[in-house]
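Participant: Using the hints provided, position chain B relative to the given structure of chain A.
From first to last, the protein sequence lines are chains A and B.
Residue numbering for the first sequence follows the working numbering, beginning at 226 and increasing consecutively.
Residue numbering for the second sequence follows the working numbering, beginning at 137 and increasing consecutively.
Hints are computed from structural coordinates only; laboratory data are not their basis.
Given the structure is predicted, the values throughout are model-derived calculations rather than measurements.
Any given hint might turn out to be false.
[As the list claims (entries may be wrong)] Mimicking EDC-like on lysine to aspartate or glutamate, the simulated pairs with C-alpha atoms at most 20 angstroms apart in a straight line are: (1) B:Lys205 x B:Asp143; (2) B:Lys162 x A:Glu269; (3) B:Lys192 x A:Glu303.
[As the list claims (entries may be wrong)] If you want a taste of the chain B side facing chain A, the calculated C-beta under 7 angstroms gives, among others: (4) Phe237; (5) Gln239; (6) Gly240; (7) Thr244.
All residues carry an ideal CB built from backbone N, CA and C; glycine is no exception.
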Amino acid sequence: DTGVSQDPRHKITKRGQNVTFRCDPISEHNRLYWYRQTLGQGPEFLTYFQNEAQLEKSRLLSDRFSAERPKGSFSTLEIQRTEQGDSAMYLCASSPSNLADTQYFGPGTRLTVL
Amino acid sequence: SQQGEEDPQALSIQEGENATMNCSYKTSINNLQWYRQNSGRGLVHLILIRSNEREKHSGRLRVTLDTSKKSSSLLITASRAADTASYFCATDARGAQKLVFGQGTRLTINP
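Isolated chain A (complex conformation) (with noise of 0.2 angstroms):
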């Protein structure tokens, strides 16, 4: 499969828990993004990296929240100190070189704190 996969695909945590998510872009798309949605909303822009570079960060992005894309190809999201307000899916997209090339999404991390 060569889409953009995302690892765990569900994740039940106590609230205090850390989390960690991965994200596997296609190869060779330089740009990831990292998206929130709750239940019966769209979509919300949480950070996007261009290689290794985290270039824009959204106000949704707190300080427990934190990314990184070390080498330019995977991705982690981290959530420290998890509160029930972070339940949410994570989604992870790709693109090739700019925004208007289209944005390939991941199957998504759906998060549950207990």
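Facilitator: Quick look at chain B alone, frame taken from chain A:
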């Protein structure tokens, strides 16, 4: 905040009928895209229309864009049960490096 607003929020039609969904947005854009999302799954790209285009077709899909009204429509002709999903429009505001999604239209095709 979300830039796009889809209308209607929910639409239920009979199989074989046409489905039309509308999207309005607020700022100038480079392009507008439509995505489909089956329940609990990731988004699938359907079609991209650039700001200098007015209409685009792909199979049973027809998209129009009116930049003067800041609106777009997605028409699905001869609907099938498999078209049941949520449909989102997404815009890239000029100068912004991200997609901004609307809240989506939940489409149900009844057999």
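Participant: Decide, hint by hint, whether the structure agrees.
Facilitator: Quick rundown of the hints versus the structure:
Using a Cα cut-off of 20 angstroms, the hinted pair Lys205 of chain B and Asp143 of chain B holds, with the two alpha carbons roughly 15 angstroms apart. Proximity of Lys162 of chain B to Glu269 of chain A is assessed by CA-CA distance (about 16 angstroms); at most 20 angstroms being required, the pair is judged to hold. Taking the CA atoms of Lys192 of chain B and Glu303 of chain A, the gap is about 40 angstroms. The hint is violated against a cut of 20 angstroms. Hint status for Phe237 of chain B relative to chain A: holds, with the closest Cβ pair at about 3 angstroms, below 7 angstroms.
For Gln239 of chain B, the shortest C-beta to C-beta distance to chain A is roughly 5 angstroms, which falls under 7 angstroms, so the interface hint holds. Because the smallest distance between the Cβ of Gly240 of chain B and any Cβ of chain A comes to about 5 angstroms, under 7 angstroms, the interface hint for this residue holds. Interface restraint check: Thr244 of chain B against chain A, minimum CB-CB distance 15 angstroms, threshold 7 angstroms, status violated.
Checked against the numbered hints given earlier, this structure breaks hints 3, 7; the rest are met.
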